[in-house]
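The numbering used here puts the first residue of the sequence shown at 2, with every later residue one more than the last.
Calculated directly from the structure, the hints in this document are not laboratory data. The beta-carbon is built from N, C-alpha and C at its ideal position, and this holds for glycine as well.
Computed spacing ranges between beta-carbons, pair by pair:
1) 210 with 63: 38 to 44 Å
2) 79 with 194: 41 to 47 Å
3) 214 with 12: 19 to 25 Å
4) 183 with 43: 30 to 36 Å
5) 15 with 39: 24 to 30 Å
6) 200 with 85: 37 to 43 Å
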Amino acid sequence: MGFNNIGRVLTTNAVEIDTERVTKKFNDFALSMLWGFLERKPYLSARFRYQREKKLVTKFQNKPDLTTPTLLEADDNELILIFRTLGLTDLVRVFQDPDVPTDDKLLYLQLALQQLHAIHNLNETHGDPYLKNFFLLDETKDIYTCDFEYQRTGPDPAVTDVLILTANAIHALCQEFPGISGAVLASVNEIYGHELWFPFDIRDRIFFSLRFGMGNEFYTHFGKKRTFG
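Based on the provided sequences and hints, a complete structural model is requested.
Below, the structure is given as structure tokens:
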């Protein structure tokens, strides 16, 4: 099992899916939370995470450039959210599929980055922007995103969102296409421009190096202030 598949196993919440409804019950603790310090994801209670996700899903409904879950019901006492079921394939599986052309994978990454950018344009953050939380809608080939329960700490949580999605994509794609990191970084520049900068500290470097195997190209791209004009 690779790192990209761990998120499906070490889950905090209980999720049940049938043909019409996805029922998500928020729980308080999972072993994966012990890793939270390195990824700037502090421990948050089940109620806090439930309230954050409910608020953001409601805010994101029917917004331009965003394709997010349709919330059907919410139970504030039991901390349960119920969404409409859709035919989805997460980008971990898409990127691991050798039958999907590389250009298509890069296109899906750009669409995921557009989703992230739309969230940031609403002055919000995703909080958990791993590939496992971006999905290809089987019928339309649009990209859909979900799981907004976490929030990040650090100098710029929105840039942290971009760093995590970018590093996860490089890690996933480089297993099949070594050297593709330049194309991934070019996709980031196309969506966000060249203004992204992050002051990596030791904790960040440990996290991105251990979790995604990031090296100098990644740190140089996002760790260098750029001058314009």
